[in-house]
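*Asks:* So you can see what is in the structure, the chains are spelled out below.
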Amino acid sequence: MKTTRRQFIKIAGMGTAGVAIAGSVFGSVQKAAEKSLSTSTSDSELTRTPTYCEVCFWKCAAWVYKDKEGNIKKLIGNEEDQHARGKLCPRGTGGLGMYYDENRLKKPLIRRTGADGNQFYEEVEWNEAIGFIAKKMKGIKKDYGKEHMALFVHGAPAKHFEYLFKAFGNENHSEPAYAQCAGPREAGFFATFGSGVGSPEPADMQNSKCIIFIGNHVGENMHNSFVQEVSTAIDNKADIIVVDPRLSTVAAKATHWLPIKPGTDIALLLAWMHVLIYDELYDKEYIDKYAYGFEELKAHVANYTPEWAAGITTIDPELIKKSAYTMAAAAPAAVIHPGRHTTWYGDDTQRERAMAMINALLGAYGRRGGMYMGVKQKLPKYPIEAEFPEPHWSWKDITKQKYKNAAVGLTNVLIEASLPSFPKEHQIKGWFIAGTSFINTIPDRKKMFEAMDNQDLIVVVDTMPMEMTGYADVVLPESTYLERHDYSRGGKNRIAQVAFRMPAVEPMYDSKPAWWIARELGHKLGLHAFYPWKNLEQVLDWQFKQVGSSLEEMKKIGVKTFDSNESIYLLPNEDFEFNTNTGKIELYSTDFAEKGYDPLPKFTRHESPDAGFYHLVYGRAPMHTFGRTQNNPYLSELMDTNNVWINPRTAKLWGIDNGDDIWLQNQDGVVSEFSAKARLTERIRPDSVYMVHGFGHTNKKLSRAVGKGINDIPLITRVKIDPIMGGTGMRNNFVTFLTEKPKKEEAES
Amino acid sequence: MRYAMAMDTRKCVGCSDCVVACQTENNVPLGFCRDWIVEAVKGTYPETVQMHFKSERCMHCENTPCVRTCPTGASHVIEGGIVKVTHNECIGCGACIEACPYDARYVHPEGYIDKCTFCDHRIAQGMNTACVDVCPTSCLIFGDLDDPKSPVSMALKENDWYVLAPEAGTKPQLYFLK
Amino acid sequence: MEEIINVSGKMIPHVSPHLEIWGTVIALYLFFGGLAAGLIFFANFFYLKGKEDSMPMTVKVASMIAPIIIIIGLMLLVYDLHHWMYFWQLFLHVRMESPMSWGAWTLSIIMIPAILWPLHYLEDIIEYLQERNPKCKFTGLLIWANNLIKKLPVLPWVMKIFRNNRRVIAYLTIYLSIILGVYTGILLSAFNARPLWNSAILGPLFLTSGVSTAAALIMWLSNDPAERKMYSKIDLLLIAVELFFIIHLFMGMLSGGVAQVEAAQLFLGGPFTATFWVLIVGMGLVIPAILEILELSGYHIPIGIPAFLILLGGLIFRFVMVYGGQASSFNIL
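Chains as they are written, first to last, in the numbering used here: chain A, 1 to 749; chain B, 1 to 178; chain C, 1 to 333.
Chain A extracted, bound-state conformation:
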């Protein structure tokens, strides 16, 4: 993909500094891991330090075990931690692969133009790289204004760079995790209960008697305590109801699997509401006490019978009824899990609203086995003398008129604001990206590349040479979580816990922690007043001391539990005020009504594929995190490519056999760059295909991942934006098969 100003530079053939570890792929990792003994070592010969994992965003607290030579031997979950409970998922267990990956970014890089007009990356020292960024940022501040930059982040680096940007006077930050992922559930549940969902989701599954999953493929979407709680529920003989067009892993364990036609979930949810209300299965006492808008809802779903839904969803009406009865029988210990990646068709907030409303009808919110109300322990912010400058405008000014319920910055809006055609007063001229790779994340790439071209500065902070790094002006190599301090993890959960991260080993190559990068850049931007501390360890020690602990204690225990006075369930004789306009659970959303959105969810038909095209359904695999782990030597061992799931009946029509190499072409003519093997399986509908997201890497420096599998993101060109919070619905794209290698021009769309 060539752009005029910004050529994609493959980070290849670096200078001497880049070739720190020679030798084969297996050789380097194996050598390092086997430096100690070739037979198993007992734990008594190992030392351990605490951390919390950063391979995905569940953030499980873990112990890093090292042998006598200081090599990381293994990672084991912290026993006390609510997220880990003594175990780590396969990505957490394989996290040491991130540290030992010889393809890691090694030195800061600056884009230069050679005498021949070709662009290349030059390895520079940190001083020069940070100086370059500071100069460019000051330039943008002078030419346009400090508000004309955007910060795109994900994970632990977020806090450090958001702080830096706030000190700089800029609040245009966003995470793909909101508008490309979990945003709809936050908006939907917030409108209903006055409280968002957060991570981990407060579904009380280990105490549930019935769990309902809407397209939520837990087990393939492998989040540690999430899976552990579902396993406990199975032990407790809980009923599991799964709504999924595919026989997902959890669908194979379900009491009722509803093989739904893609895009019709709201019809099913409305039918469930109908059955719960009209067959009088809902929790009357609970609704009377806590809910507002029941009569409106009752009238709204009057005609949404199971028979009506059956015609739309292709699910047997008896099954719809039976599953409603199953969940009602288990209530209040029944819960529809809010899901995580919920940006599907553009009406996702309404779908999440429907899910939240059913949780209310079951009387699940605030009840044991339903949804608990999480508690957390806040750590105070380190005191600074300076005051944050007021930005003249922020993301809110370009977002909230249209997407009234967007709670945080939207990546797609900021990208759109980066286009040269966007009004100059709010146009973004510089990008700072840390911990996310747009090439594997952002749909509608044409717009994104055009926006990139318009930037005066693109900085990418990453640990690996992900595709995004090829478009940057400056690439900064960040240390992995095993080599750095970060702010502690302390989100909401059943009990309030704080998890500590400290480096287990010295940073490899010339990588640096995000806090150091932010601090150095802050100093170069003249923001000394905001960085009165020397290092993050100092800050953490101060923070822990404020809550009755200390750095020394946290080093020994890793996770500290705090008492909370709040109850996680609704107390029976208590009047609870919900954080909504009416102070009650809003079955009828007054907030949406005010803002001109549908106060009750409506079913809208979404497009169906043309003849010869199939729904593109994508998902996760438990051994990978999105597109970030494909090069990890341990994880790429387990799964190094994706394949395209096709129903045998469909494959027969095309003459495709199991294991054939095929390319995919979408409804707008975009063709996948690489091929993938067809997997003929009965687990997928004849009108759909399925593949795991995150493969199809193009950067040659990712030696284990490059060229393997199909990347679904370029095939997602049709994006439906959710009008309520601006999320990018990605599941209304369709693909057809190409059984022969496409010509080059087609592939380069």
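Hints listed in this document are in silico derivations from the structure and should not be mistaken for laboratory results. Incorrect hints may have been included.
Below, a list of computed lysine to aspartate or glutamate pairs in the DMTMM-like style, where the Cα atoms sit at most 25 angstroms apart [unchecked claim]: (1) A/321 <-> B/47; (2) B/84 <-> A/45; (3) B/178 <-> A/45.
Based on the hints, put chains B and C in the right spot on chain A.
*Replies:* Structure of chains B and C alone, referenced to chain A:
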């Protein structure tokens, strides 16, 4: 003392955590594995399709074909029925690999034959095997079959189970609950 | 539709998904073992029958080949070991339930008569070669060896014991050679994990094949028409027995369990079908048999053709059995 493992196919999600944990615990070189996950699908969409996962490894058989065929005695059985290989007695002839119906053994890059050892170095210290401890669904159960109260004995008593290739006559000690 | 697939990428080199731990070296070794066993058997058998002078090729000259190919076979084996530096461990242990173990010991023990026998006849061999092929350079090497041996201190004494106990040693050696021939088959049949191999008929089949290849080789090397004719007849008999064993093998597999039936399918429509029936049975057994019958009926067939076909067929047979056996399994994945 007769160690055995049970694996609950109803709970396994095929995450392969057992594979990676074993690799880091036992220094298994990359490119090899001592345990692995198999997916089995049958039926047709949507009425009858079913699927489950199995986590497999060396079965530490009671009637070991591999130990029987080893010309040097490097493959041997230790207390508890665990099958192990003494590295410096192994000549790497590969007979045990041919003899194993479960393809549980592999040639270690250093030349000797290697395989799952039921983490005997951990059992010696009263811990479970690495795979059992890491499994997020707790679908792997380990224990002493001679003890009726051990987790594995209870699991076999309370659930239906099967073993792989019983017709091979090896009496494998890895049981699959169904 | 049923699927059984590996989820966690179990790609162990040479084990999964295709078992290929044993390859060319093992096939060659089995071939050499069978051939050597046959050569030693014929040498000792016809000696005991008093044909020492009337069948010099059998009793004296061809016996020289046996120790040479046994040593080559052993060297190949040790080279093929993955942990070859520890190969001496084989000789620190005797494990009766392991066919590999008593095979290794048998091979070592049979080396003694296998070497001593041609040594005893070294001068006769030299004379035979000089008579038949005066220009052969190999004879010079044997003469040099003979002179060297005469100078060694211990050897004449050993040879004396050998000479004095020839008949007893011959009987023992026949027994050992049969064990050697049958061991190459029993080695494979002991692996109950490989349904193709796990048949009791494999031992006798390999023995017959080995003896047949030895007969073919001796027939080819000999220049005595009477000797050749006898071996023609022996070979015909052995080919008939082999065909009978092969049919028996398939009948056994087809009436066995699912795994055995699937193993048989490898040769009845599967990947090895053509190689087996065309090359091994057709080219290696049936065509030589027809040629031999023609020869015995009076037509003159160059002796090299059936002999070469039998040898080649025997070699390909070992290859197919080694690779085919590893392709057969209980299909657990």
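*Asks:* Now, for every hint given, state plainly whether the structure supports it.
*Replies:* Hints versus structure:
At most 25 angstroms may separate the alpha-carbon atoms for a hinted pair to count; residue 321 of chain A and residue 47 of chain B meet this at roughly 17 angstroms. With a CA separation close to 22 angstroms, the supplied pair residue 84 of chain B and residue 45 of chain A stays within the 25 angstroms bound. Proposed proximity of residue 178 of chain B and residue 45 of chain A is contradicted: the alpha carbons are some 39 angstroms apart, above 25 angstroms.
When each numbered hint is compared with the structure, a violation occurs for hint 3 only.
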